[in-house]
Amino acid sequence: MYKAIGIRPCTFVYILLMVLTVFTWYVGVSGYGGLTFALLVLGLSLLKGHLIGDYYMGLKAVSGLWGWVIVIWLLLPGSLIAIAFYSAS
Amino acid sequence: MMKNRNTPPGDLAIWIFIMAELTVFAIFFAVYAFTRANNVELFNESQLTLDRNLALINTLTLITSSYFVVRAVAAIRENNTKHCFNWIIAALFMGLLFLVVKSYEYNHHYSQGINLRTNKFYMFYFSLTFFHFMHVIMGMVILAANAVKTKAGNYTPENHIGLETGASYWHMVDMVWIILFPLIYVMR
Chain W
1 MYKAIGIRPC
11 TFVYILLMVL
21 TVFTWYVGVS
31 GYGGLTFALL
41 VLGLSLLKGH
51 LIGDYYMGLK
61 AVSGLWGWVI
71 VIWLLLPGSL
81 IAIAFYSAS
Chain X
90 MMKNRNTPPG
100 DLAIWIFIMA
110 ELTVFAIFFA
120 VYAFTRANNV
130 ELFNESQLTL
140 DRNLALINTL
150 TLITSSYFVV
160 RAVAAIRENN
170 TKHCFNWIIA
180 ALFMGLLFLV
190 VKSYEYNHHY
200 SQGINLRTNK
210 FYMFYFSLTF
220 FHFMHVIMGM
230 VILAANAVKT
240 KAGNYTPENH
250 IGLETGASYW
260 HMVDMVWIIL
270 FPLIYVMR
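Protein sequence lines, in the order shown, are assigned to chains W and X.
The working numbering puts the first residue of the first sequence at 1, with every later residue one more than the last.
The working numbering puts the first residue of the second sequence at 90, with every later residue one more than the last.
Just chain X, with the same shape it has in the complex (with noise of 0.2 Å):
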């Protein structure tokens, strides 16, 4: 593929809002990962309590998820609005889905008694995995005025600025999953 811009997608202003929240992300895990090197027996014993098959289901929901999104921007640069409406819809579905399952996991755990305070591990998990969470809600937000917009007819093949740029922000959400998924779940 040529590279023909020299700008990404969307508004220059959300990127430098997705750098900003990636750097809160990146010591997050950092943190965690130095955290686990002191008490490691803890986080591996921890780790096993996870339900490891409800976050593939949540990690395979978030790439399909994401795969919608760029199956919309690709439809307006089409100039398919009603396709492009459809996958917005179908994106904003994924991303209920892990709400669903992931509400599902918290009260699972609280059922059992575990919070933050049981535990370093869960401590990171719970503030981790919720940050994250409300990340989700905030673009499923932009995802719903996307389709809105879509809807009236606002985007058109030569200017779609607005879709980009809730596409953009959508895809951050799927690649932080990407990272935390295996650092939370798999790695130990």
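Next comes chain W alone, as it looks inside the complex (with noise of 0.2 Å):
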């Protein structure tokens, strides 16, 4: 999509993650709770999380585990924090 609209892909992540940011914030400040708003918020956090690491470590070029270290690392506290708020829900 980037490459239609002529920008840089950093950009465009750039973009991406301020928005989902606010979104973010937005869901806080909106005083939305529980397991849903929980997990979502989560989700995303973990989805911007693996752009940065992907568009912003440069990882997307990289092939092997090395490629991957990022996602595996977001995967561990994520599944983590999941479980611990579904246990609390």
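Among these hints, one or two may not hold up.
[To be verified] 20 Å max Cα-Cα, derived SDA-like pairs, lysine to any residue:
1) K60/W to A163/X
2) K92/X to A61/W
3) K191/X to V22/W
4) K238/X to N133/X
5) K60/W to L101/X
6) K209/X to N133/X
7) K238/X to I178/X
8) K191/X to F222/X
[Stated by the list, open to error] Some chain X residues well away from chain W (every beta-carbon gap over 12 Å; in silico):
9) N196
10) R206
11) K238
No lab work stands behind these hints: they were computed from the structure.
No residue lacks a Cβ here, since even glycine has one placed at the ideal position from N, Cα and C.
Using the hints, put the two standalone chains together into the complex.
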């Protein structure tokens, strides 16, 4: 999509990260709570982390385990946080 | 994008260091979440006292700073040392802004008598955010060194591994906050 509108991939990702961040903030200030919103916000944060790993850290161009290292890290605390919030709901 | 390399950008040693740092933060996050599971009301009530607007400013600040560092690396690859230097300085300014806002938050809490010992939530809040705060300072020191070396003309389109190393660390600092922000300030 970024090629179609003529901007650098990193700039496209930057705009996406900003929009997702403002959405996360909106969920917080609007008082939305509960498991559904907690997991939604967590999922969006993991997506943001993946975008930073791929496009900012440059791991999209890396093959093998190093290319997946950030995804693996995100899934580790992400799944533990999800389990903890699920158990508390 | 083609997968054209087997190792991540920058010195491999920084990636070992990054993985060690991320492991520590992952443990912190998990312990916070499971402690919260046993103290939901306390955590939810205490969370409401935090300033989400300042947290938003700080999150946008770090994301912007990371973007500036991406542009700095792109600039040196395009053989534009001057732009590279300017992007790093802009990133440093955003890092400084993060520290100022976070310090204001800490001062606000302390002036209300809230500290590490107030309750379990604040213990995690202060510990986690201050641990991250120290990483921001460390990242800024590395970026400042990158700026000096850029100004001295030490980086070229063919050899800028030092800049990539500093950039990787800075993005790690950004990514940790990306998880920390919703966990501490939003999820309830």
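What hints, given by number in increasing order, does this structure fail? Number 4 - this is the single hint that the structure violates.
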